[in-house]
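Using the hints, build the complex out of the two chains.
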Amino acid sequence: MSLSATTAPPSPAAPPPSRDVSSRRRRGRLLNRLDVKYSPYLYIAPFFLIFGTFGLYPMVRTAWMSLHDWDMIGDHSFIGFDNYTRLMSDEYFWNALVNTFGIFALSTIPQLLLALFLANLLNRTLLRAKTFFRMAIFMPNVVSVAAVAIVFGMLFQREFGLFNWLLSFVGVDPVDWDGQRWSSWFAISSMVNWRWTGYNTLILLAGMQAIPKDLYEAAAIDGASPWRQFWQITLPMLKPTFIFVVILSTIGGMQLFTEPLLFGNGNIIGGNQREFQTLAMYMYEMGIVNLNTAGYGAAVAWAIFMIIVVVSLFNFLLVRRSAK
Amino acid sequence: MRLTTRRTRLAVAALAAITAVSGLTACGKDDDKPAAGEKPAKLVVDTFGEMGYDELVKQYEKDTGIKVELRKTAQLGDYRPKLVRYLATGKGAADVTALEEGILNEFKPNARNWEDLAPLVADHSKEYLPWKWELGKAPDGRLIGLPTDVGSLAVCYRKDLFEAAGLPTERDQVSALWQDWKGFHDAGLKYKQGSGGKAFIDSITAVSNGVLFQGNGDLFYDKEDNIIADTSPAVKNAWDTATSMVDISAKASTWSPEWSGGFKQGTFAATFCPSWMLGIVSDNSGPANKGKWDVASVPGGGGNWGGSWLAVPAQSKYPKEAAKLAEYLTNAKSQVEAFKAKGPLPTNLEALKDPAFLGYTNEYFSNAPTGKIFGESVAKIQPIHLGPKHQAVKENALEPALRAFENGQADKAKAWEQFTKDAKTQGAF
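So the protein sequences, as listed, match chains A and B.
Heads up: the first sequence begins at 1 in the UniProt record's numbering, then just goes up one per residue.
Heads up: the second sequence begins at 1 in the UniProt record's numbering, then just goes up one per residue.
Bound conformation, chain B alone (with noise of 0.2 Å):
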């Protein structure tokens, strides 16, 4: 009798202490789904680098009466852990998410996380780039991402520092300088003779990835996605190019402060310029430097250098609004409006005729006719399969052994074995 009492005692104390502290865990329990057709108050939208939504959102925030959250990340290389954990642990993704393109190359095999956007929205396939389209579907059918972007490839360059090195400044005397690579090189040269021995570019990685996505063939996969890295000829034409610009290169591997900084130093003259790079650039060399940058395009014609998507993630609790949503911010005005904005190029094809987008000028880049250079990249660019970890063996394996070589840490070979070595694993998935 007292035993059964003291135990139930105990047990009563025990349970009560259990339900104090399970009351604290349970508040994060998703059992407020929201009723059918019921409207959102808020959705949030992600998005790295620079797209150009602000204006838009608010836009949109007028016309819908729905309150719309942007959360920016500045670099993907931060975006990319987030949006893992809110995947891996269901919670926390904004209801649109902007994929880059190696991103979204990743998250296809796992299709499953993201919404099938065909039945939400109405059908666009004719509207966009026919091959930025078919890239946003998983291999299991469904339409992943809207496109927004391409990453159409030019030439930023500083046209007071060409000058003082006895280089031309006018764009189509300078885009004539470097028809192919061995011309850029030959130019690179020039200007360290005319300018005592400065840098002409700002590093041999950058280079890379200018040949990289001219896309002459499969790069670091194959099309069953086999790794090929080691053997792919479009990836050696990269390597070789690249490595033989050492000599013209700042040694400023992309995003450092070295090579933020570069920018207003003038630590190097020229880099390459994906459209979405162009906000980076003015933002990095400030308003000092205004009118000091021009545009010239790409040795060897065009290329295209990332790009994103719009997605909706399957935990988004408003997939239907939040489709809407991302139809609303890749149509061909809301993406006109994003090219002015800060500078991420369309991919609607009627954005792309748009009057507005052609004629635009940058005034930052000495007013280069910016829609009109891009535009017409962007016919030249051949469609490449990245295959899931391509992001990884760029970043992990190619780039470190370039800046190795570059920074003098390993000889060519020895660089090439790392590499070769480290794509295996990087790219094993």
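Pulled out of the complex, with its shape left as it was, chain A reads as follows (with noise of 0.2 Å):
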């Protein structure tokens, strides 16, 4: 854009208009039009070329595969919509739906609170060493998930492990955490929470140094506690916010993997009795560990896309209409 003012045909002085410099000009002129018109998406082409190649196309191509049954390292044939039908009537697809949504509900819902408190905490002006505090929550988010859920695994075990060592003063008998499906959805959840918490508070915290300061001055020369501050003007100009980082949550909650398989040893039927297998982990389980149900396996990946659609969806709704 800036390029046509620079490049502009020099004004025609001394010589006569030729037919040679008015057509030159004509081009100059069409030159100029084209570079307004289409540069731009000449600009942005690199990530659509990008997102095609890596986005895109696998998406399409996983879509080609469900409909197939299709052998990771030998033959494939068309089986249409048979895959999808299968999945119906999956026992396992449905036990890993419903571990996926318990542990997502168990970590966003006092994660998303935790961080809408922590950052208004962190948004008080009085707060000293602001900046360390700040950086020093978002710490956890940079530790490697295997890291952090190593580490877990080891304080949730049964023999050695911290918690069961702790609980043990308090007179709580060992518990046997990825034995059963209520603690087993904890201690991941816990992992989930721990690594997260941060990221949010920040994101929530930069939509919170957006409010415009003087609707507090204003709020607060009426008498309004902050408190009353929080909900009547922070809940409500954080609506964005907030909407975005529920679906990044619901995103990255629905594609849990690698908390739940390292809590169990790497298994990826996720617990004996598939107690805690995650939506993700049974896509793994029947695309890459099976060689044989790659196009099963597809299935379910996209089954998982369009349940995060739906879910992504209703979050939406439900956060837009309550905090209008």
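One should not assume that every hint holds.
As the list claims (entries may be wrong) - A short list of chain A residues far from chain B (calculated; beta carbon distances all over 10 Å):
hint: 1; residue: Ala63
hint: 2; residue: Leu67
hint: 3; residue: Phe81
hint: 4; residue: Leu87
hint: 5; residue: Asn193
hint: 6; residue: Trp227
hint: 7; residue: Lys239
hint: 8; residue: Leu248
hint: 9; residue: Ile268
hint: 10; residue: Ile269
hint: 11; residue: Val289
hint: 12; residue: Leu317
hint: 13; residue: Val319
Stated by the list, open to error - Straight-line Cα separation of at most 20 Å, DMTMM-like style, residue types lysine to aspartate or glutamate; simulated pairs:
hint: 14; chain 1: B; residue 1: Lys424; chain 2: A; residue 2: Asp71
hint: 15; chain 1: B; residue 1: Lys198; chain 2: A; residue 2: Asp75
hint: 16; chain 1: B; residue 1: Lys380; chain 2: B; residue 2: Asp180
hint: 17; chain 1: B; residue 1: Lys421; chain 2: A; residue 2: Glu91
hint: 18; chain 1: B; residue 1: Lys424; chain 2: A; residue 2: Asp82
hint: 19; chain 1: B; residue 1: Lys421; chain 2: B; residue 2: Asp240
hint: 20; chain 1: B; residue 1: Lys290; chain 2: B; residue 2: Glu50
hint: 21; chain 1: B; residue 1: Lys320; chain 2: B; residue 2: Asp116
hint: 22; chain 1: B; residue 1: Lys424; chain 2: A; residue 2: Asp90
hint: 23; chain 1: B; residue 1: Lys333; chain 2: B; residue 2: Asp123
hint: 24; chain 1: B; residue 1: Lys412; chain 2: B; residue 2: Glu395
hint: 25; chain 1: B; residue 1: Lys72; chain 2: B; residue 2: Asp283
hint: 26; chain 1: B; residue 1: Lys198; chain 2: B; residue 2: Glu163
hint: 27; chain 1: B; residue 1: Lys190; chain 2: B; residue 2: Glu163
hint: 28; chain 1: B; residue 1: Lys421; chain 2: A; residue 2: Asp90
hint: 29; chain 1: B; residue 1: Lys264; chain 2: A; residue 2: Glu159
hint: 30; chain 1: B; residue 1: Lys42; chain 2: B; residue 2: Glu69
hint: 31; chain 1: B; residue 1: Lys414; chain 2: A; residue 2: Glu91
hint: 32; chain 1: B; residue 1: Lys424; chain 2: A; residue 2: Asp214
hint: 33; chain 1: B; residue 1: Lys39; chain 2: B; residue 2: Glu69
hint: 34; chain 1: B; residue 1: Lys198; chain 2: A; residue 2: Glu159
hint: 35; chain 1: B; residue 1: Lys317; chain 2: B; residue 2: Glu69
hint: 36; chain 1: B; residue 1: Lys91; chain 2: A; residue 2: Asp71
hint: 37; chain 1: B; residue 1: Lys192; chain 2: A; residue 2: Glu159
hint: 38; chain 1: B; residue 1: Lys223; chain 2: B; residue 2: Asp140
hint: 39; chain 1: B; residue 1: Lys82; chain 2: A; residue 2: Asp71
hint: 40; chain 1: B; residue 1: Lys424; chain 2: A; residue 2: Glu91
These are calculated hints, taken from the structure and not from any lab test.
We put the beta carbon where it would ideally sit given N, CA and C, even for glycine.
Right under this line is the structure:
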């Protein structure tokens, strides 16, 4: 755009305008118009091309695979929507769905509430060493997820785990953390909460900082308490940021994989009776671990995609309505 | 006129953008196949667990001037998905790839992914345990793998804990304690009593492995590869023996943190040791427990848990040299060296007779004559037909069900039901 200003054709001066010059000028104008109209597309093209290669193509390919009986290292044959019909009556798929939602609820709800609380604290003008606290709260997110899972796996061990040791002081019998649904869900969501609370806090904090200060000043003059300011100003103004955070958490929660996998010592079925096998793990089991059911795994992948879309939409509507 | 220029320019711009991006993706193309006869600068070897190749590979580099990169993966569970990815995408596989028995069976139906080694190496068919050599062949006749080791079974036990519980500690006396599995259970109960209620073995899945691989008939598949997991007497026998031992088990499933920590802490006093397990036991127990472990024979005669082959993926750029390297790593001398380094038991008949092997004593395990102990049990191994998805049925159907029973999540009947149901889905192929 600025290009057009600097490379504008020189004003025709001394030589009388010949046909050649006028055609050149016309071409210049044309270039100009093309530049203004189309170069923005060129500038954003790399993203779309890369997205097409690494995002869209795999999705289309997965959809194509899901219509086949596909052996990972062998043959495949077209079977239409058989994989999807099979999915509907697959007990383990529904089991994984329940687990995923269970862990998702246990991790997302407390996590967002805590993040909101922490962000509000960090937003106080009176707080000293603000930058330190803001950085510190983000630290867990920098730690690799595998390390987190391994450390938490140790903490939740039956024999030598820290939590069972602590429980023994209050007279509680050691808990077999990976033996029941509730305890394994609790252990896994504690990892997720530990890792992502700070991350969400920072995003919410950024949203809070964008709220004009004079609103609070005016409210304070009118005699509104901090609590009331939080409900009447912060929350409503934070709505777009909150929606964003909710959607992000939804996507992350539905794709939960590493934490439950490492919690179960790397066993893909997630517990002796699949107590904590998530959808992503089930997809991996069917698509990668079992060589000959890769097509079915692809169908699971698409099912997860559709579920994320539906849940995100649902959450979006829920948050938009409740925080109006 | 104007319209055409606009279109051409747009097309040119678009084309430029596309070439720019395709330039990014084109670098993975496979157009750098070496000329025939060219010596490779580097060969890659993929192994899992501990195969004892470090020194051998160094020697090979010295002898041939070909650099060898040894990529080790600790657990088979991490190793397999990587390998599957290499095969599915046609890229990334090592030139020489170690295949464990279960994996090998899984790959046999699609044998085209592997080089036929028969034309690439000399004829060694008479030099190895015959059944082991035969198992390296695919149904279409191609020789996929050269035999590396067998998982001949023994029992590793803690002398100091045995002594404290009032059990004999000398290895022949210990072996005499358990002529059969009943005797093993009794010894366990005695240990439990003498030690104040401590667990005897690591887990009942370890027991089931021990019984399964003694090979009394077909396991999950019959000879025609039909799944028979729910009716197979051999599986039922392993199930019943394993579940009967729940009262002497530490409930520490193999490879879990409870399990690897348990070696140091002494939460169990005995575990089943295929010879490749010796290195893992000593690594987990640490130098502090050196000399406290010993090796006795397994109840009910020999057995074969695991064991591997070396194969060359069809995608290797240097199949010939890779086959030569595999040949070198599996020859009699190398197998003895690997055994001394990390414990994988030779499959080469000459290596099995080698005095250096037979006379070898393992310092960590109280100088147990492991060469003699394992060498003798090799002769007792019965070849077992495992079938294509043996590993999946064992790991994702049988063992979870056993653990569910062991941890009290399901009673015996419920757990068996869980197993037979899962065996059908896991075993389908």
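Verification of the hints:
1. Ala63: Answer for Ala63(A): holds, closest chain B Cβ roughly 18 Å.
2. Leu67: holds (18 Å)
3. Phe81: Holds, since 20 Å exceeds 10 Å.
4. Leu87: holds (13 Å)
5. Asn193: holds (22 Å)
6. Trp227: holds (46 Å)
7. Lys239: Per Cβ check, Lys239(A) is outside 10 Å of chain B; nearest 38 Å; holds.
8. Leu248: The claim holds: Leu248(A) sits with its nearest Cβ about 28 Å from chain B, beyond 10 Å.
9. Ile268: Its Cβ does come within 10 Å of chain B, the nearest being 7 Å, so this is violated.
10. Ile269: violated (5 Å)
11. Val289: violated (7 Å)
12. Leu317: holds (37 Å)
13. Val319: Non-interface label stands for Val319(A): nearest chain B Cβ at 37 Å, farther than 10 Å.
14. Lys424(B) with Asp71(A): Cα-Cα ~18 Å, so holds.
15. Lys198(B) with Asp75(A): Since the Cα atoms of Lys198(B) and Asp75(A) sit roughly 52 Å apart, the hinted pair is violated (cutoff 20 Å).
16. Lys380(B) with Asp180(B): Roughly 15 Å separates the two Cα atoms, so the pair holds.
17. Lys421(B) with Glu91(A): Given that 20 Å is the threshold and the Cα spacing comes to 12 Å, the pair holds.
18. Lys424(B) with Asp82(A): Measuring from Cα to Cα gives roughly 19 Å; hence the hint holds.
19. Lys421(B) with Asp240(B): holds (18 Å)
20. Lys290(B) with Glu50(B): holds (19 Å)
21. Lys320(B) with Asp116(B): Within the cut-off at roughly 10 Å; holds.
22. Lys424(B) with Asp90(A): Satisfied, since the Cα-Cα distance of roughly 14 Å is no more than 20 Å.
23. Lys333(B) with Asp123(B): holds (17 Å)
24. Lys412(B) with Glu395(B): OK: Lys412(B) and Glu395(B) at ~18 Å, within 20 Å.
25. Lys72(B) with Asp283(B): Given that 20 Å is the threshold and the Cα spacing comes to 16 Å, the pair holds.
26. Lys198(B) with Glu163(B): Roughly 13 Å separates the two Cα atoms, so the pair holds.
27. Lys190(B) with Glu163(B): holds (12 Å)
28. Lys421(B) with Asp90(A): Given pair Lys421(B), Asp90(A) holds - Cα atoms ~13 Å apart, limit 20 Å.
29. Lys264(B) with Glu159(A): holds (13 Å)
30. Lys42(B) with Glu69(B): holds (7 Å)
31. Lys414(B) with Glu91(A): Holds: Lys414(B) and Glu91(A) sit about 17 Å apart, inside 20 Å.
32. Lys424(B) with Asp214(A): violated (68 Å)
33. Lys39(B) with Glu69(B): OK: Lys39(B) and Glu69(B) at ~16 Å, within 20 Å.
34. Lys198(B) with Glu159(A): holds (13 Å)
35. Lys317(B) with Glu69(B): Given pair Lys317(B), Glu69(B) holds - Cα atoms ~15 Å apart, limit 20 Å.
36. Lys91(B) with Asp71(A): holds (17 Å)
37. Lys192(B) with Glu159(A): Given that 20 Å is the threshold and the Cα spacing comes to 18 Å, the pair holds.
38. Lys223(B) with Asp140(B): holds (16 Å)
39. Lys82(B) with Asp71(A): holds (16 Å)
40. Lys424(B) with Glu91(A): Since the Cα atoms of Lys424(B) and Glu91(A) sit roughly 14 Å apart, the hinted pair holds (cutoff 20 Å).
Hints 9, 10, 11, 15, 32 from the earlier list are contradicted by this structure; the remaining hints agree with it.
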